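*Asks:* Construct the complete structure from the given sequences, taking the supplied hints into account.
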Amino acid sequence: NLMGARLAGSHSDTQEPKTNPLVSISDEPETLYKRLSILVKGHDKAVLDSYEYFAVLAAKELGISVEKVDKPPKTIERFSLLKSVHIYKKHRVQYEMRTHYMCLELKYLTGSTAAVYLEYVQRNLPEGVAMEVKKTKIEKIPEHIQKPVWDTLPQVEKTEVKS
Amino acid sequence: QVLPCALHVPSATRQLHTTPACLKTRAARVRVGKGDKMVTYEQAHAPHYIGHRKGWLSLHTGNLHGEAGSAQRAVEDAFLRRFLYGTFPGLLADEVVLKRRGNLLVICALLGRALPPYKLYFLLGYAETLLGHFYKCPVRLELQTVPARVPYKYL
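Sequence order for the protein chains is A and B.
For the first sequence, UniProt numbering gives the first residue as 1, with consecutive numbering after it.
For the second sequence, UniProt numbering gives the first residue as 1, with consecutive numbering after it.
Derived by calculation from the structure, the hints in this document are not laboratory data.
Watch out, some of these pointers could steer you wrong.
Stated by the list, open to error - Straight line, CA to CA, 30 Å or less: simulated DSS-like cross-link-like pairs of lysine-lysine:
hint	chain 1	residue 1	chain 2	residue 2
1	B	K99	A	K74
2	B	K54	A	K83
3	A	K83	B	K119
4	A	K83	B	K153
5	B	K99	A	K45
6	B	K153	A	K45
7	A	K140	A	K74
8	B	K24	A	K90
9	B	K24	B	K34
10	B	K54	A	K71
11	B	K153	B	K37
12	B	K24	A	K135
13	B	K34	A	K45
14	A	K83	B	K37
15	B	K153	B	K99
16	B	K99	A	K134
This structure is a prediction, so every number in the text was calculated from the model and none was measured.
*Replies:* Next comes the structure, spelled out in structure tokens:
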């Protein structure tokens, strides 16, 4: 009976807690990132604009605070080649390659949040678009620098030197 | 050629030069004919319209500022276009669009309806496996059949 199977399923649920196989719990402390800077490069500005909308929406849904969305000016790489195969040095062809940029800066992320967000955003990267990611980590000050050196040195007795 | 600002001076009209025939660019342009030549949107527009009225036919990151692999992608693209032109003889309605997402190569082609579907499926599998073995990367071929080439103008 379908009703019997459903009740049996719910009974086993209440006895054991559901463990999601995709979620892993580890004892290591989480790495903290002060800033996550994503620079996206592409030839087509419309593609970059739509990708910016998608990335900002994904960050908002996940609860990540977006510091700013910067659009650096485009770089144009131009070069001149000879138009003809053999001679005609005076007649040339000029080509150019335009690269548009879009920089997305997110602040205060944990390591796992950053991993999830980056994986989602990178899997949906459009073709013809390249991405560079820079992470700024927050670390605890190492033990040997925590206190200034002059506090830890043993007190030297003052000896007066009479000249 | 005379600069546009110089044309307002009345004496400059005597210095007007016309372009001799050897200076005209002929790259990727279909020349005007009697009006019976059918031309698709892709063929009708010259290469200086790329990015304005035309899109790109091959999408990869090789040509971006600070990225490598431009020449290898260009050679691969040339080979892929010739290969597809030969695998689907007389069926290609328009230029093939090549997209690269990471390792995956997606080939989008528009075909005419001259062949029955089971033959098209065979050619699709054949092309995918052969290209996958050539380039050592997953290849996905997305085909779409069109009843006829879509004309944009008649030149």
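*Asks:* Hints first: check each against the structure and report whether it holds.
*Replies:* Comparing the hints with the structure gives:
For the proposed pair K99 (chain B) and K74 (chain A), the alpha carbon gap of about 23 Å is at most 30 Å, so the pair holds. Restraint check: the Cα-Cα separation between K54 (chain B) and K83 (chain A) comes to about 23 Å, which is no more than 30 Å; the hinted pair holds. For the given pair, K83 (chain A) sits about 43 Å from K119 (chain B) by alpha-carbon distance, which is inconsistent with the 30 Å threshold. A hinted pair counts as satisfied when its Cα atoms are at most 30 Å apart, and K83 (chain A) with K153 (chain B) qualifies at roughly 29 Å.
Taking the CA atoms of K99 (chain B) and K45 (chain A), the gap is near 17 Å; set against the 30 Å cutoff, the hint holds. Taking the CA atoms of K153 (chain B) and K45 (chain A), the gap is about 28 Å. The hint holds against a cut of 30 Å. Proposed proximity of K140 (chain A) and K74 (chain A) is contradicted: the alpha carbons are some 38 Å apart, above 30 Å. Distance hint between K24 (chain B) and K90 (chain A) is fulfilled; the C-alpha atoms sit about 13 Å from each other, no more than 30 Å.
About 20 Å separates the Cα atoms of K24 (chain B) and K34 (chain B), which keeps this hinted pair within 30 Å; it holds. Among the hinted pairs, K54 (chain B) with K71 (chain A) is consistent with the structure: their alpha-carbon atoms are about 24 Å apart, no more than 30 Å. Proximity of K153 (chain B) to K37 (chain B) is assessed by CA-CA distance (about 8 Å); at most 30 Å being required, the pair is judged to hold. Only pairs whose Cα atoms come within 30 Å are accepted, and K24 (chain B) paired with K135 (chain A) is rejected, the gap being roughly 51 Å.
Restraint check for K34 (chain B) and K45 (chain A): the C-alpha separation of about 38 Å exceeds 30 Å, so the hint is violated. Distance restraint check for K83 (chain A) and K37 (chain B): the Cα-Cα separation of roughly 28 Å lies within the 30 Å cut-off, and the hinted pair is therefore satisfied. A C-alpha spacing of about 28 Å is found between K153 (chain B) and K99 (chain B), which places the hinted pair at or below 30 Å, so the restraint holds. Distance hint between K99 (chain B) and K134 (chain A) is fulfilled; the C-alpha atoms sit about 26 Å from each other, no more than 30 Å.
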